[in-house]
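Colleague: Protein sequences, first through last, are from chains A and B. The working numbering applies: residue 15 is where the first sequence begins, and numbers increase by one. The working numbering applies: residue 15 is where the second sequence begins, and numbers increase by one.
Rather than coming from a laboratory, the hints here were simulated on the basis of the structure. It is possible that some hints are incorrect.
Identical chains share a label here; the pair holds if one copy fits it or two copies do between them.
Here are the simulated DMTMM-like cross-link-like pairs (lysine to aspartate or glutamate), alpha carbons at most 25 Å apart as the crow flies [what the hints assert, rightly or not]: (1) 156 - 31; (2) 156 - 198; (3) 156 - 78; (4) 156 - 197; (5) 156 - 259.
There are 2 protein chains.
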Amino acid sequence: MSPDEARARLEALAFDDVAAGVLFEHFHAAERSGREGHGFRRVEWLETWTELRPAARPRCVVSEPGFERWDGNGALGYLVLDAVVQAQLAAPPEHGRLVVCDDTFPTGMLGYWVRRLAEAGLVGMLTATSPPRLGHPDGGPKLTGTNPLAIAVPSSDGAPVVADVSMGNLTYGDVLAGRAHEDELAPFGGEQAHKAFALAVGLQLFVDALTPSRGYGAVLVVARPEADPVPSFRDLAASVRLPGDR
Amino acid sequence: MSPDEARARLEALAFDDVAAGVLFEHFHAAERSGREGHGFRRVEWLETWTELRPAARPRCVVSEPGFERWDGNGALGYLVLDAVVQAQLAAPPEHGRLVVCDDTFPTGMLGYWVRRLAEAGLVGMLTATSPPRLGHPDGGPKLTGTNPLAIAVPSSDGAPVVADVSMGNLTYGDVLAGRAHEDELAPFGGEQAHKAFALAVGLQLFVDALTPSRGYGAVLVVARPEADPVPSFRDLAASVRLPGDR
Numbered sequence: 015m016s017p018d019e020a021r022a023r024l025e026a027l028a029f030d031d032v033a034a035g036v037l038f039e040h041f042h043a044a045e046r047s048g049r050e051g052h053g054f055r056r057v058e059w060l061e062t063w064t065e066l067r068p069a070a071r072p073r074c075v076v077s078e079p080g081f082e083r084w085d086g087n088g089a090l091g092y093l094v095l096d097a098v099v100q101a102q103l104a105a106p107p108e109h110g111r112l113v114v115c116d117d118t119f120p121t122g123m124l125g126y127w128v129r130r131l132a133e134a135g136l137v138g139m140l141t142a143t144s145p146p147r148l149g150h151p152d153g154g155p156k157l158t159g160t161n162p163l164a165i166a167v168p169s170s171d172g173a174p175v176v177a178d179v180s181m182g183n184l185t186y187g188d189v190l191a192g193r194a195h196e197d198e199l200a201p202f203g204g205e206q207a208h209k210a211f212a213l214a215v216g217l218q219l220f221v222d223a224l225t226p227s228r229g230y231g232a233v234l235v236v237a238r239p240e241a242d243p244v245p246s247f248r249d250l251a252a253s254v255r256l257p258g259d260r
Numbered sequence: 015m016s017p018d019e020a021r022a023r024l025e026a027l028a029f030d031d032v033a034a035g036v037l038f039e040h041f042h043a044a045e046r047s048g049r050e051g052h053g054f055r056r057v058e059w060l061e062t063w064t065e066l067r068p069a070a071r072p073r074c075v076v077s078e079p080g081f082e083r084w085d086g087n088g089a090l091g092y093l094v095l096d097a098v099v100q101a102q103l104a105a106p107p108e109h110g111r112l113v114v115c116d117d118t119f120p121t122g123m124l125g126y127w128v129r130r131l132a133e134a135g136l137v138g139m140l141t142a143t144s145p146p147r148l149g150h151p152d153g154g155p156k157l158t159g160t161n162p163l164a165i166a167v168p169s170s171d172g173a174p175v176v177a178d179v180s181m182g183n184l185t186y187g188d189v190l191a192g193r194a195h196e197d198e199l200a201p202f203g204g205e206q207a208h209k210a211f212a213l214a215v216g217l218q219l220f221v222d223a224l225t226p227s228r229g230y231g232a233v234l235v236v237a238r239p240e241a242d243p244v245p246s247f248r249d250l251a252a253s254v255r256l257p258g259d260r
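Excised from the complex, chain A in its bound form:
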């Protein structure tokens, strides 16, 4: 699917200009960074939704200096996280803030959202749940989403470090792309896959405990940095490629 076609098909789904732009930019960034599973093929996927509500928009329901809760309110998770990121940039925390996003799905590439925070000088850590696709490596029912954890740290050298790690050994995007079968999706780590499973369970229950709606959700920690560790870390790393480097 070409960028132009993707954009046109999003508008055909009745998203307004602004919302279609938010979705398009996310999918386009995914394509450009080689994560096509989060790219334009998601437009096709959205076209299969029977309960898509293109006009729905998230609401901020609790707003305190160190805490916010948002309710997706029927909007796509992409639009919730875009609104949340914009709100943090407009009014950054003095020190730090926990932002809980209830009823928030799908959330796409989490690194994309925290990278925007880090490019504006804020530290971000974000996780999100999704349909159960990972079970214990020894077997049993699917218990958790792939539950990525993304962390972005700004740098005075202009290049934030952005780690974005799913607990799965492959992405659901790979499944959507036909490159893998859903049954192959398992916690990453081979002989130590119990570790990724434990992280997936911890992140799942962490989000579930903070979101009263019992749907999928996301939790963001956003903070103002007190130090600038990235330049000296890059020096130490020398030629080692760091997470999120392009």
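Take the given structure of chain A and dock chain B to it, following the hints.
Modeller: Relative to chain A, chain B alone:
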């Protein structure tokens, strides 16, 4: 080392009764849960420290409803985290709080600290840095600590779920115990060890960016739950062992 001997040797290091008790309880819990690397052999390790300051105690230097910063102030990290946990239990956040612990090392089993929060009904997520022991799986310098991430979620059934995952393929305790050589310490995950490496880098820089002292540190998210997801998750998991189950 017997429990009695460990306790006596801690007091011989000039920790007062309360501090020796905090350290003893931590090491004892590690022994009982089979994580001997964090157990009594740490007393021997502390005996080798040339700059141990048994009388030092942490200070809370910023205290707001949604944010705290603590300064270890020369105290052992165990004592910092004990004080932080006690402070959260004495004055839990209305919704959520970010707690940054600067100059905080060593921190032991992170699951121990968040379990105490969850046993009192609070959700906790905790990470901490330590000396550089993990490099990129393809080689290069040691760049990050083993940087565990621990998450504890309370349950109305009385049994919290506690995930506590180090990004290393073995523990530094294993090295101290002579069961492994330090050179074998690497990110866990085999063919996908780049994922654990990315998490270790993200957590390292996250903590480093929030702690101005440039030493080791810890960052805790503590929150009041809005839902009780553990009982139904346990039902779904059936006979699957969940993280932190004893």
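Colleague: Could you tell me which of the numbered hints above are not met by this structure, giving the numbers in increasing order?
Modeller: Going through the list in order, the structure violates hints 1 and 3 and respects the others.
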